[in-house]
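Chemist: Protein chains in written order, with my numbering: chain A, 83 to 192; chain B, 83 to 192; chain C, 83 to 192; chain D, 83 to 192.
Treat the hints with caution; some may be incorrect.
Given that identical chains are not distinguished, each listed pair holds provided it fits within a single copy or across any two copies.
[Said to hold, decoys possible] Computed list of lysine-lysine pairs in DSS-like fashion (alpha-carbon distance at most 27 Å, straight line):
#1 Lys146 - Lys191
#2 Lys115 - Lys146
#3 Lys115 - Lys191
These are computed hints drawn from the structure, not numbers from a lab.
Every value quoted in this text rests on a predicted model; they were computed, and no experiment measured them.
There are 4 protein chains.
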Amino acid sequence: MADETSGECCHGEQEHGHHGYIGNQAGYLRRLKLIEGQARGLQRMVEEEAYCIDILTQVSAMTKALQAVSLGLLSDHMNHCVVSAAREGDEAADAKIAEAMQAITRLVKS
Amino acid sequence: MADETSGECCHGEQEHGHHGYIGNQAGYLRRLKLIEGQARGLQRMVEEEAYCIDILTQVSAMTKALQAVSLGLLSDHMNHCVVSAAREGDEAADAKIAEAMQAITRLVKS
Amino acid sequence: MADETSGECCHGEQEHGHHGYIGNQAGYLRRLKLIEGQARGLQRMVEEEAYCIDILTQVSAMTKALQAVSLGLLSDHMNHCVVSAAREGDEAADAKIAEAMQAITRLVKS
Amino acid sequence: MADETSGECCHGEQEHGHHGYIGNQAGYLRRLKLIEGQARGLQRMVEEEAYCIDILTQVSAMTKALQAVSLGLLSDHMNHCVVSAAREGDEAADAKIAEAMQAITRLVKS
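Working from the sequences, and respecting the hints, build out all of it.
Modeler: Here it is, written out as structure tokens:
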């Protein structure tokens, strides 16, 4: 969980009433619902003893769907929280970019 | 879906009654159930307007869990289907390894 | 190559006389020199018919070194060009972030 | 470095006089030479203060080239050493596949 400081960009944005991704909230919920369905489909495949490679193909499709969600969230975050921190001052900008880089590093390494 | 030919390794293993991963079937089901729960947890975070970076952290954890499932399935597949194809003859070995390499390539690029 | 527009952040920074990474220019050159050495070491291994898995281990080390350079360059870019574009206005911010997201997407998928 | 045991597949192949990749030795040397050239090109870009995003694009291209080398080496390794270990017996097969899975895991995570 982000500590109070890392959440401050959001307080700064409270005037707009939301984080970066909220404009697409319904879209993200729909995509995560589909991903949940993929996780259930994989369980069915394992129960029905599907061919290993076919299961791997579905896991790759699910990983790609998750990756697309990550990149979307990151883009929304940069367009809102990072931009607003940059305008707030050097310290706010440094903190937000350090935090975003940690998330990007996790994404790149996973 | 694998065509009949790619499924043949499995027929060859019918004597053992299963694909490579079946010895761990319950384990894979449990792990996929947890991953399904992670997908639901992400929906809750989006609904509750959690901080973007916290959502990204959870997506990375879920991607890592999926990746571990993939590597497990691949290892089981190699230890059973690939080994049994190698013993069957050069043609069977070539086909199984080409198929496994396609799955590995998708894994590496996703 | 970036077109004139994408290079404009840099013109905007000409007063500082450099891009984001230039403060670390010597460090990046040193790291890329080491990576060049790793590429030569790999050729030696192939010539001397080293064991395949040992070569793969060295390729992974080299890929990790390259990835670290990418993440460093991206961080410097965000701290300089993206922050300065955000302060310039919405249009400049949108363009820089779209461009950075393309680079991040390539990084994540490679 | 592989210990003596992990190199044994190669002794088993000494009749053919080579590891899996040796049939393509010249091809791998040529590709690694190109990759070495890419590392030098990147140094030139940093020296000439090229635009950060253009450097990142070239690093991605170089990473992709390295990844293709890895997948090629792995495929050759599976087609030769893993197949020959599978035919040698269960113990040899287990050891070679465990070793290959470690290399694949490093590839997937890098």
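Chemist: For each hint, tell me whether it holds in the structure or not.
Modeler: Okay, the hints, checked on the actual structure:
Taking the shortest Cα distances, lysine 146 and lysine 191 sit within 27 Å of each other both inside one copy (14 Å) and across copies (9 Å). Taking the shortest alpha-carbon separations for lysine 115 and lysine 146, both the intra-copy value of 15 Å and the inter-copy value of 19 Å come in at or below 27 Å. Within a single copy, lysine 115 and lysine 191 get their C-alpha atoms as close as 25 Å, and across copies as close as 23 Å, so both meet the 27 Å cut-off.
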